[in-house]
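Construct all of the structure, not just a fragment, from the sequences and the given hints.
Number of protein chains: 2
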Amino acid sequence: MKNFNYSIPTKIFFGRDQINVLGDQIKKYGSKVLLVYGGGSIKKSGLYEKVVDIFNKNNIIFWELPGVEPNPRITSVRKGAEICKQNHIDIILAVGGGSSIDCSKVIGAAACYDGEPWDLVIDPRKIKKVLPIASILTLAATGSEMDAGAVITNLETNQKLGTGHKDMAPKFSILDPTNTFTVPKSQTAAGTADIMSHIFEVYFNNTKGVYLQDRMAEALLKTCINYGSKAMENPEDYEARSNLMWASSLAINGLLTYGKETKWSVHPMEHELSAFYDITHGVGLAILTPHWMKYVLNDHTLNKFVEYGVNVWNIDENLDKYEIAHKSIEETKKFFISLGIPSTLREVGIEEESLEKMANQSTVRGSIGNFLPLDSKDILNIYKAAL
Amino acid sequence: MKNFNYSIPTKIFFGRDQINVLGDQIKKYGSKVLLVYGGGSIKKSGLYEKVVDIFNKNNIIFWELPGVEPNPRITSVRKGAEICKQNHIDIILAVGGGSSIDCSKVIGAAACYDGEPWDLVIDPRKIKKVLPIASILTLAATGSEMDAGAVITNLETNQKLGTGHKDMAPKFSILDPTNTFTVPKSQTAAGTADIMSHIFEVYFNNTKGVYLQDRMAEALLKTCINYGSKAMENPEDYEARSNLMWASSLAINGLLTYGKETKWSVHPMEHELSAFYDITHGVGLAILTPHWMKYVLNDHTLNKFVEYGVNVWNIDENLDKYEIAHKSIEETKKFFISLGIPSTLREVGIEEESLEKMANQSTVRGSIGNFLPLDSKDILNIYKAAL
Numbered sequence: 022m023k024n025f026n027y028s029i030p031t032k033i034f035f036g037r038d039q040i041n042v043l044g045d046q047i048k049k050y051g052s053k054v055l056l057v058y059g060g061g062s063i064k065k066s067g068l069y070e071k072v073v074d075i076f077n078k079n080n081i082i083f084w085e086l087p088g089v090e091p092n093p094r095i096t097s098v099r100k101g102a103e104i105c106k107q108n109h110i111d112i113i114l115a116v117g118g119g120s121s122i123d124c125s126k127v128i129g130a131a132a133c134y135d136g137e138p139w140d141l142v143i144d145p146r147k148i149k150k151v152l153p154i155a156s157i158l159t160l161a162a163t164g165s166e167m168d169a170g171a172v173i174t175n176l177e178t179n180q181k182l183g184t185g186h187k188d189m190a191p192k193f194s195i196l197d198p199t200n201t202f203t204v205p206k207s208q209t210a211a212g213t214a215d216i217m218s219h220i221f222e223v224y225f226n227n228t229k230g231v232y233l234q235d236r237m238a239e240a241l242l243k244t245c246i247n248y249g250s251k252a253m254e255n256p257e258d259y260e261a262r263s264n265l266m267w268a269s270s271l272a273i274n275g276l277l278t279y280g281k282e283t284k285w286s287v288h289p290m291e292h293e294l295s296a297f298y299d300i301t302h303g304v305g306l307a308i309l310t311p312h313w314m315k316y317v318l319n320d321h322t323l324n325k326f327v328e329y330g331v332n333v334w335n336i337d338e339n340l341d342k343y344e345i346a347h348k349s350i351e352e353t354k355k356f357f358i359s360l361g362i363p364s365t366l367r368e369v370g371i372e373e374e375s376l377e378k379m380a381n382q383s384t385v386r387g388s389i390g391n392f393l394p395l396d397s398k399d400i401l402n403i404y405k406a407a408l
Numbered sequence: 022m023k024n025f026n027y028s029i030p031t032k033i034f035f036g037r038d039q040i041n042v043l044g045d046q047i048k049k050y051g052s053k054v055l056l057v058y059g060g061g062s063i064k065k066s067g068l069y070e071k072v073v074d075i076f077n078k079n080n081i082i083f084w085e086l087p088g089v090e091p092n093p094r095i096t097s098v099r100k101g102a103e104i105c106k107q108n109h110i111d112i113i114l115a116v117g118g119g120s121s122i123d124c125s126k127v128i129g130a131a132a133c134y135d136g137e138p139w140d141l142v143i144d145p146r147k148i149k150k151v152l153p154i155a156s157i158l159t160l161a162a163t164g165s166e167m168d169a170g171a172v173i174t175n176l177e178t179n180q181k182l183g184t185g186h187k188d189m190a191p192k193f194s195i196l197d198p199t200n201t202f203t204v205p206k207s208q209t210a211a212g213t214a215d216i217m218s219h220i221f222e223v224y225f226n227n228t229k230g231v232y233l234q235d236r237m238a239e240a241l242l243k244t245c246i247n248y249g250s251k252a253m254e255n256p257e258d259y260e261a262r263s264n265l266m267w268a269s270s271l272a273i274n275g276l277l278t279y280g281k282e283t284k285w286s287v288h289p290m291e292h293e294l295s296a297f298y299d300i301t302h303g304v305g306l307a308i309l310t311p312h313w314m315k316y317v318l319n320d321h322t323l324n325k326f327v328e329y330g331v332n333v334w335n336i337d338e339n340l341d342k343y344e345i346a347h348k349s350i351e352e353t354k355k356f357f358i359s360l361g362i363p364s365t366l367r368e369v370g371i372e373e374e375s376l377e378k379m380a381n382q383s384t385v386r387g388s389i390g391n392f393l394p395l396d397s398k399d400i401l402n403i404y405k406a407a408l
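Note that the protein sequences, when read in sequence, are chains A and B.
The first sequence maps to residues 22 to 408 in my numbering.
The second sequence maps to residues 22 to 408 in my numbering.
Hints are computed from structural coordinates only; laboratory data are not their basis.
One or more hints might be untrue.
Copies of the same chain look alike in the list, so a pair counts if it fits in one copy or across any two.
Said to hold, decoys possible - Cut-off 25 Å, straight-line C-alpha distance, at most; resulting in silico cross-link-like pairs (PhoX-like, lysine-lysine):
| # | residue 1 | residue 2 |
| --- | --- | --- |
| 1 | Lys-325 | Lys-251 |
| 2 | Lys-348 | Lys-100 |
| 3 | Lys-150 | Lys-49 |
| 4 | Lys-147 | Lys-192 |
| 5 | Lys-65 | Lys-342 |
| 6 | Lys-149 | Lys-49 |
| 7 | Lys-23 | Lys-187 |
| 8 | Lys-32 | Lys-229 |
| 9 | Lys-192 | Lys-32 |
| 10 | Lys-23 | Lys-192 |
On a predicted model such as this, the values are computed, not experimentally measured, just so you know.
Set out below in structure tokens:
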């Protein structure tokens, strides 16, 4: 186990009607709010109206940035930062999924920065100050509600990059599972795949002596496997929605990473798919994951796959190790298919022509992953296998 | 899953040599420290000297409260509070296990209270303010390093009671597993039993829909089972010591409880044993736990024991449910015996004569537990079975 410093400052208000804390929590930071959200779903569900009601009752003035894209764009960040600067915004409230929250985080940093916001994505060290961020979560997926990272897309340069700063972690997040009752099946599936992928990124890892962290990771993986399809079959299954929602936060808030040396693999590979084709992030992850697993399986990584197969998928531990490993990968793929997620790149409109370009771009910051480091040639092979 | 508000404010500095952060962290709160510790073990190990060195280098003035008892007494709290009041102490640093930390927490509250410190144990609502608390942990057991509770013994009244306040949670705790290398075998065993008991208290529970929390609890139980005897066999096994140490904190920092309605059972029963006989807390817990399990096993609680047996002890899920349950209890008992912990009350000098008195006293605040609520008659039966 590696040394680590644990600090998870985000307060979580979890459960039905927790929106009731909103007024008091916001007023701790001021009275001028930038409200950030995506398409119209929060208006359809009535959540928008509830928020506005609370603002009015508490004399909170607000500005709006609607229309944040599913892969949030730097153009939205620029707009939001302008509003913050012009109106001396005190706190940014994202109402939505990871896209709105990620966008808000970088808006918060850009509002305190004099230069071009994209600088802060390319080089997180330039982030010195961030406006307070808060969120009301409506989609269990990215975990952005409880972590300090954000991913922003620049369509001008075909780049989708992660950035982060400790002060980007939301001051508080309201997690009411009923706010995810209206999430469509396909997004529920993609969200579940995203949560699982966050766990895989740190579970498939070489740090020794992290038994506790690995059992925790398996606990969360089993939660996703147990509830993913239940939430799809019965969108108002509170038990399923609440377990998935809490799993989304715990998967990425640091708990599974503390004590490990981590470097992600499948996310940076997927970011290129989304950057070039604007596909749903979780879908890209689900397509790539089994192929990534097959590619990195070797004599050195074998035992980790055996652990995964036995502990997560209950595969008979007396089988041959490679048989267990292959079965575990097969189960992973079958699970994503059972959620109705496409299993090939072609199904989501990605053809061979751009694979090489994407593979090259995914390694502009160097090789990816540390379970088995991958260069652009490796990534191209994985993309091809996933076609 | 129940509604919950998540907030775990304690910062953890985990790993080798993390004591290096001590000076900077203390100075965030002031320059006058009350140093609280137990017997001489921190002097033997050299830890005391390291702390004093850092204090001197950082111009930190300190007062000392040595000799805190294994079941910390209200008399020590009184002494500590007096020192704080007279010298305008800024922060209390506990160096030791749960006893020193618990004692420090109540000293911190008593230092801000004009009346008799025992009031604050009997009625936690009287706690309005607490001096900042910090800790350097030397024993993986109580989890006091990351929670907001404390247990204090009053030998004048033969009472051992829990109290708590959100501001009692340490501002920071330094968890260096090498500081537990010198913990004797018997204390390592008792500490492991204590961690497991904290988990049992919330795992054996009736709240519905808490799959995630239960899998997390199992992850931590497996960690204790995997490393308890390893740490005893090889006291300098860093992997074992670090996993146990981190498990001790996560078992009780709220993570396993959020979303559940919990009310403890075995701890309040054990507190009477320690209050009357001053025995090691973890030993009392290990003796009582299997008997408590047998006593509360019935048609309503059966499924939880099956879950426990299958998921934690790998008992064949195809067996008869009661067979699984009984086997799981047997495994629990065998595990504690394998750690060299006595398995009967008589072995630790407790005879039948005081059982009734203790059973009555354990329920002065009402019935205990909510998995199966127990009155004094039930508790007497469990004590008798454990004789």
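Comparing the hints with the structure gives:
Within a single copy, Lys-325 and Lys-251 get their C-alpha atoms only as close as 28 Å, which misses the 25 Å cut-off; across copies the closest is 22 Å, which meets it. When the C-alpha separation of Lys-348 and Lys-100 is checked against a cutoff of 25 Å, the pair qualifies neither within a copy, at 48 Å, nor between copies, at 63 Å. Taking identical chains as interchangeable, the C-alpha atoms of Lys-150 and Lys-49 lie at most 25 Å apart whether they share a chain (18 Å) or sit on different chains (20 Å). For a Cα distance limit of 25 Å, the shortest separation of Lys-147 from Lys-192 inside one copy, 21 Å, qualifies, whereas the shortest one across copies, 29 Å, does not.
In the homo-oligomer, the alpha carbons of Lys-65 and Lys-342 never lie at most 25 Å apart, since the shortest distance is 51 Å inside one protomer and 48 Å across protomers. Taking CA atoms no more than 25 Å apart as the test, Lys-149 paired with Lys-49 passes in both settings, with 22 Å inside one copy and 21 Å between copies. For a Cα distance limit of 25 Å, the shortest separation of Lys-23 from Lys-187 inside one copy, 20 Å, qualifies, whereas the shortest one across copies, 29 Å, does not. For a Cα distance limit of 25 Å, the shortest separation of Lys-32 from Lys-229 across copies, 24 Å, qualifies, whereas the shortest one inside one copy, 31 Å, does not.
Taking CA atoms no more than 25 Å apart as the test, Lys-192 paired with Lys-32 passes in both settings, with 6 Å inside one copy and 16 Å between copies. Taking the closest pair of Cα atoms, Lys-23 and Lys-192 come within 25 Å of each other only across two copies (22 Å); inside a single copy the shortest separation is 27 Å, beyond that limit.
In this structure, the earlier hints numbered 2, 5 are contradicted, and the remaining ones agree with it.
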